[in-house]
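Visitor: Throw the hints in and build the complete structure from the sequences for me.
Number of protein chains: 2
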Amino acid sequence: MIDESMPSEHIPDGYVHGYTEREHARLVDQATTLTDLLHHDTRYPLGTSVLEAGCGVGAQTVTLARNSPGARFTCIDVSPRSLEAALARVRAGQIENVTFQQADILDLPFPEESFDHVFVCFVLEHLPLPRQALVSLRSRLKPGGTLTVIEGDHGSTFFHPDDADARRAIDCLVTLQARAGGDALIGRQVFPLLAQAELRDVEVSPRMVYVDSSRPEWVEGFTRNTFTAMVEGVREQALAAGLVDAATWARGIAGLQRAVGPDGVFCYTFFKGVGVR
Amino acid sequence: MIDESMPSEHIPDGYVHGYTEREHARLVDQATTLTDLLHHDTRYPLGTSVLEAGCGVGAQTVTLARNSPGARFTCIDVSPRSLEAALARVRAGQIENVTFQQADILDLPFPEESFDHVFVCFVLEHLPLPRQALVSLRSRLKPGGTLTVIEGDHGSTFFHPDDADARRAIDCLVTLQARAGGDALIGRQVFPLLAQAELRDVEVSPRMVYVDSSRPEWVEGFTRNTFTAMVEGVREQALAAGLVDAATWARGIAGLQRAVGPDGVFCYTFFKGVGVR
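As they're listed, the protein sequences go chains A and B. The working numbering puts the last residue of the first sequence at 1123; the count rises by one with no breaks. The working numbering puts the last residue of the second sequence at 1123; the count rises by one with no breaks.
Don't read these hints as lab results, they were simulated from the structure. Warning: the hint list may mix true and false statements.
Calculated pairs, SDA-like style, for lysine to any residue (alpha carbon to alpha carbon, straight line, at most 25 Å) [to be verified]:
1. K988/B with E958/B
2. K988/A with R889/A
3. K988/B with L954/B
4. K988/A with D1047/A
5. K988/B with S1060/A
6. K988/A with S1060/B
Computed from the model, here is a short list of chain A residues facing chain B with C-beta under 7 Å [said to hold, decoys possible]:
7. F1004
8. F1037
9. P1038
10. D1058
These numbers come from a predicted model, not from an experiment. All C-beta atoms in this analysis are idealised placements derived from N, C-alpha and C, irrespective of residue type, glycine included.
Guide: Next comes the structure, spelled out in structure tokens:
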């Protein structure tokens, strides 16, 4: 659901070498951007090969590759058009440790045990068979390699002032995504999905975006320009599908907008899971 | 909502002196009990006076007083019966830095600027006038003193597998609490409440309890024996109030019980806020 609408912090060279568990914890506490919150603890060692499955237009690819400059990334997507956009983005960022390839997660053109690590972000939510996708990806991992999954969960959303119409507007997204074969409540399922795909030592951590008016950059960057914009973006679809009437929809959007006022609060949770083959 | 059903970790003597920001972050990451998650970053210095408002039966008092052995706590509650239980608990724990007093938060028997710090946990959710309570408590703080609030938020609950009847059972708690003059969605309001009561430098952090089957002690201690038990506890009230029928209620409880299965996941968020007079 996320593009690069949040400002990204510069990560100094050599940072990766000083990385420790304690540093990790400190960063969770101090995450200043969504990119920090989701990606700070993914660092792949020098010389490792990483498959990014479902890279889309490369929104995560740039962060991934910058954070692990010594790793080699193979980034796949089913859509040639998305891959073109991703390639342009990576070139614009002068990133050299990434190659792109058109491929389907359920029909991967790589032999078993090809990669040291696999990374999947905001992909499973769109797939009718997320568990099978993980099984397919796991088989391309070398034994001991990790599979990392990041997903949002629209059902984790709550806000103040609470508003039944705003909740209904969000429910429209969930319903539309289900009708398209996806699952907007997948974040909470990351643990069972990884476990069912026979990854071991699975660890999942929630990453809550908590926004109140003491954090104006998150009010703008996340609540307004990411989440509310995403909801507003499905208006026509929701009306056409008869999920809601125009008046309720308008009240719902107005309700979300109250959550960005001075007394407003907004909460949304992403989930990040890592399992080992 | 919480008593001491979660096991409490022993906190070694002298711990308070080694306390640092980094340690704080590490502890958030490693919280092994609900007490850790909520209380680890509340430590009052030697010689300070602290008012605990609404101590109830002393469930938090014991932790508070142990974590800050050099501070003096004055713990108040409106209920003499609760105070008796709290006194017994503190005596059983051989805690000596606590005194109890019967008092109403809106009619405090202390002069202005009496205390260095104020602490309120799981209290505002029960009050018809939470903002006024904070205004009253703020006035007893010395300038520069802190007011700390911890509250849960029943509307933050989500789980896998999702279940409409389980959500309905939880909604019954929210409705019953509202009818009793309280607000079970108060956690998300901690920031605006503190700001409206004219505390400054308000900082609120969410404390999510995330439970999957890799954390069996939380499955038992929180999802089953704390949260689900709390919901089950209002069955008669919910049925008597006509909020739900018995069959729906039974399905709702069964739904919550599925969230403690091997593929189940459960999420609940507490909010902790600190403001300065």
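Visitor: Give a verdict on every hint.
Guide: Cross-check of the supplied hints:
1. Between K988/B and E958/B the CA atoms are separated by roughly 8 Å; this keeps the pair inside 25 Å, and the hint holds.
2. Between the alpha carbons of K988/A and R889/A the distance comes to roughly 17 Å, so the proposed pair stays at or under 25 Å and holds.
3. A distance of roughly 15 Å separates the Cα atoms of K988/B and L954/B; the hinted pair therefore holds under the 25 Å criterion.
4. Proximity of K988/A to D1047/A is assessed by CA-CA distance (about 15 Å); at most 25 Å being required, the pair is judged to hold.
5. A threshold of 25 Å between alpha carbons decides the hint, and for K988/B with S1060/A the separation of about 24 Å falls inside it, so the pair holds.
6. Of the supplied pair hints, the one linking K988/A and S1060/B holds, its CA atoms being roughly 24 Å apart against a limit of 25 Å.
7. With 7 Å as the threshold, the beta carbon of F1004/A comes within range of chain B, its nearest partner Cβ sitting at about 5 Å, so the hint holds.
8. The beta carbon of F1037/A is positioned within 7 Å of a beta carbon in chain B (closest approach about 4 Å), and the interface hint is therefore held.
9. Evaluation of the P1038/A hint against chain B yields a held restraint, the C-beta minimum of about 4 Å falling below 7 Å.
10. Given hint, D1058/A at the interface with chain B, holds; its Cβ is 4 Å from that chain's nearest Cβ, closer than 7 Å.
In this structure, every one of the numbered hints holds.
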